[in-house]
Amino acid sequence: MEINITINGSDHASDVEPRTLLVDHIRRTVGLTGTHVGCDTTSCGACTVLMDGNPVKACTVLAAQADGTEVTTVEGLKTADGLHPIQSAFTDDHGLQCGFCTPGMMLVGASLIAENADPSDDEVRWAISGNLCRCTGYINIVKAIQTAAARVAESSNGS
Amino acid sequence: MFPSRFDLVVAQSVGEAVEAKADAGEGGRFLAGGQSLIPMMKMRVAFPETLIDINRIAGLDAIERANGHLQVGALVRHADVVASDATFGAIAAAAPWVADPLVRNRGTMCGSVAHCDPEGDWNSVLLATGADVLAQGPNGERSIPIADFVDGAFTSTLGEDELVVGLRIPVPSGRSGGAYLKLERKVGDYATVAVACHLELDDSGAISAAGLALTSVNPINTKVADAEALLVGQQPSDELFAEAAELAATAAEPRDDVRGTAAWKRQVVRTYTKRGLAAAVQQAEGS
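Just so you know, the protein sequences line up as chains A and Y, in that order.
Under this note's numbering, the first residue of the first sequence is numbered 1, with each subsequent residue one higher.
Under this note's numbering, the first residue of the second sequence is numbered 1, with each subsequent residue one higher.
Think of the hints as simulated: they come from the structure by calculation, not from any bench.
C-beta: ideal position from N, C-alpha, C; glycine also.
Be aware that one or more of the hints could be misleading.
[As the list claims (entries may be wrong)] Covered by chain A, per the in silico footprint, the following chain Y stretches (three or more residues, Cβ under 8 Å):
id, segment
1, 2–8
2, 34–40
3, 50–63
4, 100–112
[To be verified] Derived, one-sided and incomplete: chain A residues facing chain Y with beta-carbon distance under 10 Å:
id, residue
5, 1
6, 21
7, 31
8, 57
9, 60
From just these sequences and the hints, can you work out the full model?
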């Protein structure tokens, strides 16, 4: 079936089998491999993408269900000005170890700070509770998301 | 993993969806949030020949109060329930405990109810508060009381040709309160034990209506009718709640498994029932 998904601002029209999962479509057809497949059973969140701004597990959404939506993958975080604040904060605060969960963590973090300029520890932990880090590096992940929030707040105050 | 092949029908109206289901017969399944169905299809536990996607149908995404009821449309996501101001008591308490934040962005309350997973959260909550499931078939709409709807593990009394289009949950007119206490090993896991409580108080402060239901400790979500009957007409007290908790613990038939021993789970039922009823009455007295 014909679908058209706006991925990171670009239209991607394709003919897909109905059973194609969104994550496979993104990785194999579109060729963006920053979205990972971890557990493949809706548990780990490595496949997280934003669908119309909301984080979802792309292993549990059919590509056909994303027809007409706007999807953001980790590749879409970067802007013309450089890294997204969440990306530079993960770098600075060592918010990743092996990096496998990182795309999902950053997208959930970006989605959180878009709605909450100053999230508490509990709010960050609540937001990332559908994403697993097998390195168990949660402390720095939480810190990085809060750093990103503070930097975004600071730059919007300054401008 | 990926599902076996199927035909996808993207329905634009309830009528179209119901018609597509009639055409598809036994091999047809409705798809809403898909957070249970898609994993089952990937694991080839479910292999529908035709999937009828209802996500594009307009008008099914409202959660609102009307005529003394909370009405929940078939496309209301768990996250919408968390965010809604229209909810109350046990409904509001349970919503943040369903699955995890990402699953809540896709999964629907009605889908979860219709799925009848014996360890699902919503059916216990609805057994406690009371609710009608609204089903649309080729011959029109009918409403099914939740106690008659849940028929067994993954089994409801929904007709093969019917679609769950909404839920209608009575909103208490007087003072009321509710709670949903869930013990889970980690976010997104099934409950090890969960208890749904709903209480309404009359002008004298006595309990005028009570709802109590258990998750994950019986073959299906279980309403503890004898405890409910015990509570009604009484003034709330710790002794009364302890007595109700004993009835709940007796009604529970937990099994030893990776989540804990049966004896321990029964003790959690006892403790959570007492705490849940106390929280419900506290909320009711403050309302």
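A quick look at each hint next to the structure:
1. 2–8: holds (count 7)
2. 34–40: holds (count 4)
3. 50–63: With 3 residues closer than 8 Å to chain A, the segment 50–63 of chain Y meets the three-residue bar; holds.
4. 100–112: Holds: 6 residues of the segment 100–112 of chain Y have a Cβ under 8 Å from chain A.
5. 1: 7 Å, holds
6. 21: Since the shortest Cβ distance to chain Y is 6 Å, the answer is holds.
7. 31: 18 Å, violated
8. 57: 5 Å, holds
9. 60: 5 Å, holds
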